[in-house]
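Q: Below, each chain spelled out in residue letters.
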Amino acid sequence: MTEPQEQSLFDAPPIAEQERMVEAILFASTEPLSVADLARRMPHGCDPAEAIAYLRRRYEGRGVRLVRVGDAWAFRTAPDLGHLMQKEVVENRKLSRAAIETLAIIAYHQPVTRAEIEEIRGVAVSRGTIDQLIEMEWIRFGRRRMTPGRPVTFVVTEIFLDHFGLESARDLPGLKDLRAAGLLDNRPLPGAALSSDEDEDQTGQSELFED
Amino acid sequence: MTEPQEQSLFDAPPIAEQERMVEAILFASTEPLSVADLARRMPHGCDPAEAIAYLRRRYEGRGVRLVRVGDAWAFRTAPDLGHLMQKEVVENRKLSRAAIETLAIIAYHQPVTRAEIEEIRGVAVSRGTIDQLIEMEWIRFGRRRMTPGRPVTFVVTEIFLDHFGLESARDLPGLKDLRAAGLLDNRPLPGAALSSDEDEDQTGQSELFED
Amino acid sequence: MSDRDWVSDQKDQSVSERIAAEALIVDVDGFEGPLDLLLTLSRTQKVDLRRISVLQLAEQYLLFVNKAKALRIELAADYLVMAAWLAYLKSRLLLPPDPSDEGPSAEDLAAHLAFQLERLQAMREAAARLMARDQKGRDFFARGLPEEVQRSRKVVYSASLIDLMRAYARIRTKDEFRPFVMDRHDVYTMEQALDRMRGLLGYAGEWSDLESWMPEGWDRAPMRRRSSMAAHFAAILEMAKRGQIQIRQGETFAPIQIRRKEGE
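Protein chains in written order, with the numbering used here: chain D, 51 to 261; chain Z, 51 to 261; chain W, 65 to 328.
Isolated chain D, as found in the complex (with noise of 0.2 angstroms):
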């Protein structure tokens, strides 16, 4: 009954081919596998735990290294590389009409109060909109408005002029350039339009560049 064990035993394949062995059957195991079980697979008279060594230290500082996961060993990325194991899917989309009515008031404008910007806008500006702009960093947080209450209120940001590629939101194209631009094709209801131009002047666009 020993015959074969002892014959067997002499037929044990070379240590590397142990290790290929123990490679191939790591790298195609749907589970961790531990020594006896890579025992079971391998011909007689082989040492899983020695072509383990060997195997471990060959994978020594590589992209993916063997590890211990209780009694079994299994393959896995090295750490350092984990962040390769992430894809991003970047996925672009069009800014809301609502987010983008209220950012261009807010460049207009600045520094304006979440009031005003309903005001203008006619609609009320929900807390996602504005959220969703300081998010972005394409605006921040103002001076206080001293008036009562001290409503806080929105400029945009460094960000915001080197997305839209301006120097400064003094470049912002006034309504006359929309006009000229075509963008604007309506005409202006004589002598209305014109005062209503001028209270962009006003609207503290001359504070922003105090700071």
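Calculated from the structure, these hints are not laboratory results.
Virtual Cβ for every residue (Gly too), placed ideally from N, Cα, C.
Take the hints with a grain of salt, since some may be wrong.
A few chain D residues facing chain W, derived, Cβ under 10 angstroms [as the list claims (entries may be wrong)]:
{"hint": "1", "residue": "F77"}
{"hint": "2", "residue": "E81"}
{"hint": "3", "residue": "H94"}
{"hint": "4", "residue": "F125"}
{"hint": "5", "residue": "E141"}
{"hint": "6", "residue": "L145"}
{"hint": "7", "residue": "S146"}
{"hint": "8", "residue": "S176"}
{"hint": "9", "residue": "W188"}
{"hint": "10", "residue": "L216"}
Covered stretches of chain D (chain Z as the covering partner; in silico rule of three or more C-beta atoms under 8 angstroms from a C-beta of chain Z) [stated by the list, open to error]:
{"hint": "11", "region": "112 to 121"}
{"hint": "12", "region": "126 to 134"}
{"hint": "13", "region": "151 to 164"}
Use these hints to put chains Z and W onto chain D, whose structure you have.
A: Then chains Z and W, alone, in the frame of chain D:
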């Protein structure tokens, strides 16, 4: 705006590090990944193709190998160790003789039309056979043939190449001999409509060698 | 194919080969079409396919088909088409070539059949070699424990300067757009007139001028008067159509008069 790009080109990790990265990414994936796939997941300025070349040499003779599948790369266990992997074997659906022959004809004659397959086998190809091969993702539709009726053609897929361990359809066993013997020609029945001669140039593996 | 071949072909077709051919009949369903049957029959010749005797093959095939008929085995149409073609080929091969005959020679046709058989055989062997290759999941394996690639979704919002300018223009010109919107202030609609007239209908027992029915505040300012007159005129036309009132006008441009219809 170009500055960060330039900077990252400068900062491309050393090739040994890129090799580790490719190793980790390919090790973690069951599917072959193209150089473009790899580049997308590695830092800017990396050269996955070069890293692959190093990596492939490193794994020569190991228990797992880096193999080419069409335009992509994957780690696969060495075929000589297949006997150790009994536990991992997934029972494959038995393909019918008709399906196997049809598959071989598509692989060797691609792109090939259904009529041509039928001409070679001398029998109608059942809808189910084509469906089965398409479902297994071993074949797919190729370009339409520019002959009357613009029939669709069939070609083999990367999954087919992966399954049979082929780097490309050019590596099909015996392909060269078959071509040399004229057995991949689409020879029409003498006296049959001469017009069918025209598509001879388009058929057959000859196309594969043009690119 | 020479005459000598033909003679030897005849001789070669031994009894045992005939029996073998007949034995195939039992298995007719096992063939994948006539070409497959011909390929199987050709094996009984025990020669390289390139040196096959097509004439002998044609005879073997015809013999097979006749046997099948005798045994009342229904053969698919394509087997019979092939039989007819082979019978034609056989006669062409046996007869001296007709010099006036156009088209391919019998030898060309025979050579083509031999080519088809050789090609089918080659594809069979190629298929076998393909299937004998190392296969994934049987001889070599992919990573058993793939590591999940985590997909992180990053939403980038974008807007162009044009978007921004358009948005601002849209807001700032809201007032300027007003002239393009109908000013409802000086408009009296037909629906309003209809509603009003319906309520007043009870009082219209006698003929009275439409003008006297204009609502308060809509009879002075010219724009309002015109609007309310037009609305009420449209309303009474509608009511007349429904048979609720009667309308009369003495002459062109004379005042329009209305009266409730009797029984209403």
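Q: Are there at least three residues in the region 112 to 121 of chain D whose beta carbon sits under 8 angstroms from a beta carbon of chain Z?
A: holds (count 3)
Q: With chain W as the partner, please determine if F77 of chain D meets the hint condition of a C-beta pair closer than 10 angstroms.
A: 6 angstroms, holds
Q: A closest beta-carbon separation below 10 angstroms is what the hint needs, so does H94 of chain D meet it against chain W?
A: 22 angstroms, violated
Q: Count the residues of the region 126 to 134 of chain D whose CB lies closer than 8 angstroms to any CB of chain Z, then report whether that count reaches three.
A: Since 4 is at least three, the answer is holds.
Q: Against chain W, is L145 of chain D within 10 angstroms by beta-carbon distance?
A: This hint holds: L145 of chain D lies near chain W, its Cβ roughly 4 angstroms from the closest one there, short of 10 angstroms.
Q: Under 10 angstroms is the threshold here; is the Cβ of E141 of chain D close enough to any Cβ of chain W for the hint to stand?
A: 5 angstroms, holds
Q: If you take the shortest Cβ to Cβ gap from W188 of chain D to chain W, is it below 10 angstroms?
A: Where the cut-off is 10 angstroms and the nearest Cβ of chain W is about 9 angstroms from W188 of chain D, the hint holds.
Q: Quick one, is the S176 of chain D hint okay against chain W at 10 angstroms, beta carbons?
A: 15 angstroms, violated
Q: Would you settle whether the hint for S146 of chain D is holds or violated, based on the nearest Cβ-Cβ distance to chain W being less than 10 angstroms?
A: 9 angstroms, holds
Q: The hint names L216 of chain D as touching chain W; please verify it with the least Cβ-Cβ distance against 10 angstroms.
A: 8 angstroms, holds
Q: Report holds or violated for chain Z covering the region 151 to 164 of chain D, Cβ cut-off 8 angstroms, minimum 3 residues.
A: violated (count 0)
Q: Would you check whether F125 of chain D satisfies its interface hint, that is, whether its CB is within less than 10 angstroms of any CB in chain W?
A: Interface hint status for F125 of chain D: holds (7 angstroms vs cutoff 10 angstroms).
In terms of the numbered hints stated before, the structure departs from hints 3, 8 and 13, listed from lowest to highest.
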